[in-house]
Each structure stands twice: as structure tokens, then as C-alpha cells.
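> Each chain is listed here by its residues.
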Amino acid sequence: MTDREVAHRLFSKEFNESVFDINNFYLKDESQRAAQNYMLSPLGRKINRVYVVGTVTEVDIFGTENNLIKARLVDSSGAFIIYSNIFEPQVTKILLDTEVPFFAAVVGKINAYSPDNDKILVSILPEVINEVDTKVRDNWIMSTVEFSLNRLNILSDIVSSNISDLNDEGKIPENTFNENELKYINLAIEKYNISSKYIKEFTKVVKKAIESIEITTTLKNSAENVIESLMIELDEGKGVVYSDLMEKAKSLGLSETAIDDAATALLSKGRCYEPKIGILRPI
Amino acid sequence: MEKVKSGELKKHIEEIKEKIELNDCDIKRELEDLIKYRVPLEEAKKTVLRKNSFAGSRTKNIDEIEPNMKGINIVGRIIKTQKKEIKVNNKPLIIDVGVLGDETGFCQFTCWYKTSLVEDDYVHFKNVFTNKWDNRINVNVGKKSFIRKKSNNQFPTKQKLMNVKKKSIAEIIPDDFFATSKGIILQLFHRKFIDENGTESTYAEGFIGDNTAKLPFKSKIFNFDIGDLVYFSSAFIELDDDLPYLIFDKNTKISKIDQEKDEKLKKLRYDMVNKTHEIAQLSDLVHRIYFYDVLIEGTILYIKPESGFIRKCFECNKQLEANKCNIHGVVENYTDIYVKAVLDDGTGAINIVLDLKHLEIISDKVVTDLKVELNNDCSKDEIIRILTSNLVGINLLVNGNFVNNSYEKFLIVEGVSVPQDQTDYKLNYLYSRLSKLEGHLSDR
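Quick mapping for you: the protein sequence lines, in order, are chains A and B.
Everything in the first sequence is counted per the numbering used here, starting at 1 for the first residue and increasing by one.
Everything in the second sequence is counted per the numbering used here, starting at 1 for the first residue and increasing by one.
Since the hints were made in silico from the structure, they are not lab data.
Virtual Cβ for every residue (Gly too), placed ideally from N, Cα, C.
Accuracy of the hints is not assured; some may be wrong.
[As the list claims (entries may be wrong)] Some, not all, of what chain B presents toward chain A, calculated at C-beta under 7 Å:
1. V39
2. Y302
3. D344
4. L397
5. K426
6. G439
[What the hints assert, rightly or not] Computed cross-link-like contacts, EDC-like style, restricted to lysine to aspartate or glutamate with a CA-CA straight-line distance of at most 16 Å:
7. A:K93 <-> B:D381
8. B:K371 <-> B:E382
9. B:K426 <-> A:E211
10. A:K93 <-> A:D138
11. A:K207 <-> B:E382
12. A:K208 <-> B:E438
13. A:K183 <-> A:D157
14. B:K46 <-> B:E15
15. B:K436 <-> A:E127
16. B:K365 <-> A:E131
17. B:K436 <-> A:D157
18. A:K204 <-> B:E438
19. A:K200 <-> B:D443
Please construct the entire structure, taking both the sequences and the accompanying hints into account.
Pasting the structure below:
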């Protein structure tokens, strides 16, 4: 039985630059097509399925019979383009019924097409799409950064060493990649002319991605601070009724889930306690 | 209908008999059967010959056989044999099942009729066919096969064949049939059981492991304790739902190793082997056949359409089939949820099965949503939608036993948890790696 394709986690910059068709799937003659399409990414991934998380910013219906949906999923380095048939109930329901912008997790397959013959564009054909929270997004960014760093490390080692020495055993420094993966990394260097300049550029993309997490973390902390100060302000010795606190905090522009999270965090940190159900009292 | 005179038929039967080993009755029956369906006599003769001849077959070593081979010959020694009573089309049938071995390996065999085979017989199986049973290659001795018992003193004895090469525990695979290795007793229980004669005795079961992997074992007589380093040879590998376990029986040699004498062995200690879990990568796991007790962190990416509500038996917690339990019959039952999901960690993908008690750990919301729908008697699509919208994208930490059979790769889930929020720790780690990389790049 064939294995399920691994869902690669990658940033939109890497995804949109994956224009090399590994097994000539997009040959003009359909009879010569391979069974599955694989695109080669600049960091040497052999991509078929991807798992990406970002913010959906635009959703459009188009096509001659209004049967296609196009959506933009934005991450810290750019945007993924998603094309889906309107008859995919799960995908359509989420994309059309949710108000943009929202965080979404998308599992799908890579699809390439060239409007004119010299340029290749890639998009995602979604299998599953789901509205998610910031926690899922942060987790995705962290794992994507880790996977990208693994690849950038080996790429910089290979690029900076003498190319002719590559095949000698022991020249490739210790890494977690097997022979097959190394083959595609070397192919990517050859096809995309990967230089240390490109690696530096990509390192900046990774850095930007990590920084985008910290901003949300500080936001979370600030929500906690706001709730705590509100609690101290409202407390008249017997604690604060939770619904009152919620109303006051909402008027300051915080969302209901953020308030809930902040209150739970404060409780678990021991900065306040619950003398009765529904009443919080700061310490 | 074309009439064939009985005298004429006899001539043809004689002709066929010269070429194949089959008795008159069978040839006549097969020929007449074909003639009844208006097959020309010449064509019928060819068909009977082709069906029964194994002229093209040749003797194969056990390591050369594959599933779905026909008309092959095998020579080997019977290592184990056991009579079994089964039912075929509601008729009782006694068959012989066992293990056959030669210098290249072992295989299972099934004789579909009663035989006088005993252990240590040197046999010649002719015109047998193979299939796959219990994830192992099985040699079938059917009605058209022959068994020849021979004596051959040159051929290795049973004991010699069973004494297989020493391996580390992670290298032991079910197709080996016998294992020789060393390991530390990690867990040990003594259980009582009552055998067919009504006498009560105890047997020991537990886990044995080295620093590569661990395996469960069962033994009737066991004089060792937890933490002992033991050497065992010729232990039989039994399969239970595609997962192997070792059987220490009368053929197995087992002895305690004195660790003090050898510097190398001092490293193999209980606390080193029974270490706390490390998260395994799926890319390391998916090419294995099985692995006991692994911990995986991954993301749920897909809910398979076969998920939904099921009914389970109160006594054995197994799924009911047509409102009946396979073991207990019509019983009191309860509703559970069956969630088949794909878990992916970016290096590989496997299937996991979750039930209600796992979902309760993951998210309260999905459980409340499902309970509402259970009362509303909703459609299957709606359940899949609820599961997808609540579970896809969630990071999970699961542990259990990994199985890779011919149909799928999956984890028998024992425990599920949602990983702790380690954002701060992970960010620090990633920043340090990033600055290291930036340092390298600016140097060059």
C-alpha cells in the first residue's frame, strides 16, 4: 500500500518559489503524465501535500459558472493562493460562512499552472480547511521555523563548502537528513542556483516569522495586566462578579476569549482566586 | 450435448495419468464436469493438465517464497506442529498448522487435512501454494499437494535451525520466527491460569528490553527478577493482532548474565533502558513493522469518513456487529465515538483511533457538541463536520504501540495529552539556533 504523503510545513515565500516540476507531471501530453505531481522547493523539499496556517484575507467566487473559490492566506512572508471547487462542502462552508479576516489551517495539495509559457504559478488545492486560534498558528510557525532552520543549516554548509567535494563521504556535516532528502537538497541548489545571499535572505524571513509570535505573546500578557488592574479597581473587599468584569473589559476592546484566557491564566498563576463560583478576588 | 463413450474417456484418462499424479476418479470427474459445460474434449484435457500439473515448478528455499505463489515444492524440517479444529462451511475439519524451517529461514504451514506429521520430521512438500495469513507468509498443503517424509541426517536438526543469529531487540521482526538476544527484564507479572485438565499453574509475563527497543514475553517457568540482564536463544515469536511477543518455552535457553565481569555490559542498566519517553519522529518509525511504546507529537490533519458513533459491549468494550458482541452475544451496550484521524508531524503520517475518553482530554467543546448531536439523531456528515472543525490543526501528544501491517500504518493509542504550552522555551531555542546560523553566514 502506498504511504500517505507527508504534509510539509513551509512559509509562503518558499512555497511560491517552488516552480521546478520533479517528475514532469505538467507535460503537455496527458498520456505521459506521472501518477503524482511533486514540486521541488528552493530549500530542497519534494512537495505534494502541504499544511499551512495563516490569515484568510480575501475570498472570491469566480469562474464561468461561479463554481470556483479563490482565497488568499497570508503568513509573515507573503501569501498562499487557494483555489477550490465550490462543490467541496467542507472547504466552501468555512470560506464563505466565516467573516474575513480569520486564522485558518489548510491541508491541501500543491497545484501548478502557467498562464503564459514562461512563468509558473503555484497554488493550494485544499482538502481540509479549519478556522483556528492563535495557539495553532503559533505552534505552526514554531514547527515551520524549526524545519526551515534544519534545511538552511545544511544548505549553508553545502553551499559554502567546495561543490566538487560534496560526494565524498564525511564532507557533509552531521545532519538529520537521509540520502534521498540530500539528493533533493542538492538538486534544489543546482536548479535554483542557491547562493549564500539567498540563504541570508531566507534567514530574514524566518526571523520575521519568529518575531510575529512574540507580538501576540506580549498582547496576551497585556490582556492579563489589564484584567488584573481592572479586578483591583473593581474589588471592594468581597471580590468581583465575573460578568461585571467581562462587561468592563469588553468596553476596553478585549474579546471574550481573550478575557477568559487571561482570567484563567491569572487564576493558575495564583494572582487571584475564586472564593465563590463566578466571583474573582485579586490577591 | 457431445457424448463421449466411456471407453474413449478411459483412453484419455490414461493419457493424462501418464503426465500427472492424480487418480482415475478425480480425472474423470474433472473431465466430465468440463464436457458437461460443452468444452471440447481436447480443450478439456489441456485444462485438466494445466490445472493439476506442476511440471514447471521447482524446489524453493524458504527465503525465496512470496505470497500468492502456486505449484511450488519446499523441503524442510517441521519445527512445530499442532492440530486445530476449525469449521469450513459449518462442517468441522481438523487441520495441521505449524512452522517449517530450512537453512534460509522459517515459514508457517497449514495442511488442510489430517496428517501424521510430528516435530523434527524432514519433509518434502510438493505442489503447494502460498498466501499471507496473520501478516506472515503461509504455505498451504491442499488436496492436490503431496507430503513425502524422508530421512536425511545431513539436514540440520530442529535445535540447530532454531538457534538463530543474535540480534538486538529492535532488529527482531515477526518473519524471523525465532529470536536470540539479550535484554533487561523491565516488567514482570505472575498470572494464574487453569489449563484444560483443570490444574492450576502460574506463568510469567512482562517486558524485556535493551537500549534499542522493548518486547513483551510470556513464560511458564521464570526464575528471574526485574532488573536482571538475561540472555535467551531460540525464543519463539508469536503474533497477537500484528504485534509480536516472545514465548520462552522448553526449547528456549535462558540464562542470567553477570554484568560485573564485562565493562561493556555495565552500561546496560535498568534505569538506562527504562528511560523516560523521548518523542519519536515518524520518519524513523514508518519503515518499521512494529514498535512498542512510542511517544509521538503531531498534528491532526484529517478526519476519515468512517468515523462516527458506534455501540460497544459492556463486558469486553469491543464494537458490536449487527447488535451482537462476537464473544458475549446479545448484551447490554453503550454508545462510544470512533474517530479515525491522520496524525502528521511533518516527517511522516500515520492513522490513530480515538474514542470518547480521549476526546474528553483533548477538548470539552467537541464532547458537548457531539452529545447534543447524539440526541438529535444527526447525519454522519454532520458528525464528521463537528470533528473536523474541532480537531483539525490541534497538536497532540500520543503514546501507544505502532503497527505497520499490509493495510495501514497506525498507532494503537494508549494515552493522549495536549502538549504543555512551551512557547517561551521554544522561542528561546529557535532564537539561539537562528543567531548561530546568522553568525555562520556572516563569517563566510
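> Identify every previously stated hint that the structure contradicts and give their numbers, smallest first.
Hints 1, 4, 6, 10, 11 and 15 not satisfied by this model.
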